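Protein chains: 2
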Amino acid sequence: MSGTLEKVSSTKSYEGDLIKYKFKSAALGGLDACFNLFLPANAASAKVPVLIYLAGLTCTEDNGAQKGNFLGPAAKEGIAILFADTSPRGAGIEGEDDDWDFGTGAGFYLDATNPKYALHYNMRTHIQFEIPQVLEIAGLPIDLTRMSIFGHSMGGHGALCTYLASKANQYRSVSAFAPISNPINAPWGQKAFVGYLQGGIHEAKEQYDATELISKHSDPVHILIDYGTGDYHYKAGQLLPENFLNAARKAGYNDVQVRVREQVGYDHSYYFISTFAEDHVQFHAEFLKA
Amino acid sequence: MSGTLEKVSSTKSYEGDLIKYKFKSAALGGLDACFNLFLPANAASAKVPVLIYLAGLTCTEDNGAQKGNFLGPAAKEGIAILFADTSPRGAGIEGEDDDWDFGTGAGFYLDATNPKYALHYNMRTHIQFEIPQVLEIAGLPIDLTRMSIFGHSMGGHGALCTYLASKANQYRSVSAFAPISNPINAPWGQKAFVGYLQGGIHEAKEQYDATELISKHSDPVHILIDYGTGDYHYKAGQLLPENFLNAARKAGYNDVQVRVREQVGYDHSYYFISTFAEDHVQFHAEFLKA
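Order-wise, the sequence lines are chains X and V. Numbering (the numbering used here) for the first sequence: 1 to 290. Numbering (the numbering used here) for the second sequence: 1 to 290.
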């Protein structure tokens, strides 16, 4: 059982409040987990929809809140945004702090099956089930029947996979900035999967690869992806958004259902994200407020 | 003579470019100085006005660019924003790195007269004259006849004082978020002035105190100030915006010329700044594009 929410801080922003919470996370092996929740002003009088943001490698729950330019658009639309962390913190596993792209700050939004990591590295369960549960128990003014998800880079991978793997329309829409779209064919993904999963790439292919998942998908989807042509990691073959797009088209999804936009000259940074932040929040608002 | 501009990096954002430049600064005793310049897309075809941003204690030229939410509004208005650093870096003066509110990261936008600091700590000259000069010499698409200035906290102090002390309408307008408005009567200001200035508080009173300066001012002004009632430093008496407002009214300035807005519940952070960022950019755009 996860612990109760403790309010760490609250900061007024765009007439709403950005609140940092902490709780003992069962999914993460009993470690403290933090997230930031932006509640727009209208949450004072009625439950609001929520958009969950998953950040990229090396980030915490703060980066998206500080640099993403999401709060203004969310305040305008009257929707909450939840900024999650990217891994457990302080699990004390040998080697988890050695690399910037594996271990701490790099949980890859999966549930680890390698025994070395299986107690703590369960970010999928943490994001998909545990955080909504603690929000519900705490009685926060969030309407969990109106939930969408988005993310950046590793978090774009997490958002796409969690959305495509979820049942019963748990999320209304998904979007991503520069997502790792076909990680079984990219160095970052391969390293993570071999490390976290007992079945390695083979296991990942069934559950944690957005391109593989969309190719076997048939339910209606609402997907928006942006990536920049000036993105070093795109050029290095870490993101492979074309693979995702091709698989989506082959699976029969058209440009309304799956939209992948190439943004000329933009890189991988929050300067890219913030430029298209309002687009993404508005995209989700269409479904969250429908 | 200041050195020529070297481009450190360029990042596309909001259809424009955020460019980091470096140059050998004569005003800062020959040390390398960095600034970020956001050039909106329209700067490709014509010179654009520029708004100079001065950050607060502990910041660099990056904080405002990353967290201020200024780039989107500036892109919309077609104006450039220049983000300056807050002090010289690496002067090697004994004790300059000991405190967070004095020395490195805390130049207070003055020209030091204490011999210990006088070679390097000349942020006033750096901001007011040197940076415009290097922009001009580099042939950047900036119209230096259309310049305004704003800032946060220590940078709000810097913006107000530089504006009020400048001659010949060098700046068209000034604004500030939670500025140190009467530093000769506040602990931060007193510590800085005693340290940097041979004449201490007395010398500061003539040149570096916005409340003192506005009380002796008679030229037309365009001033906008926001501060939050939840701001710890406001409550601790570091900001004293009421003193500035009272002095401005006594000097005969009305609510159109000098507007000081109390923002209920907001704190001292970039979450507060970003909330009102668009207001400030639009305020300056009125004068810059007039």
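Bear in mind the hints are in silico, worked out from the structure with no lab data behind them. Keep in mind it's a predicted model, so treat the numbers as computed, not measured. Heads up, some of the hints might be wrong.
As the list claims (entries may be wrong) - Examples of chain V residues toward chain X, derived with CB under 7 Å:
1. S9
2. T11
3. Y14
4. L18
5. K67
6. G200
7. Q257
8. R259
9. Y266
10. D267
11. S269
12. T275
13. F276
From the three backbone atoms N, C-alpha and C, an ideal C-beta is built for every residue, glycine too.
For each hint, the structure was consulted:
1. S9: violated, 10 Å
2. T11: holds, 5 Å
3. Y14: holds, 5 Å
4. L18: holds, 6 Å
5. K67: V:K67 check passes; min Cβ-Cβ to chain X is 5 Å, inside 7 Å.
6. G200: violated, 36 Å
7. Q257: Since the shortest Cβ distance to chain X is 27 Å, the answer is violated.
8. R259: With Cβ-Cβ at 20 Å, over 7 Å, it is violated.
9. Y266: With Cβ-Cβ at 5 Å, under 7 Å, it holds.
10. D267: holds, 6 Å
11. S269: holds, 6 Å
12. T275: holds, 5 Å
13. F276: Since the shortest Cβ distance to chain X is 9 Å, the answer is violated.
Of the hints listed earlier, those the structure fails to meet are numbers 1, 6, 7, 8 and 13, in rising order.
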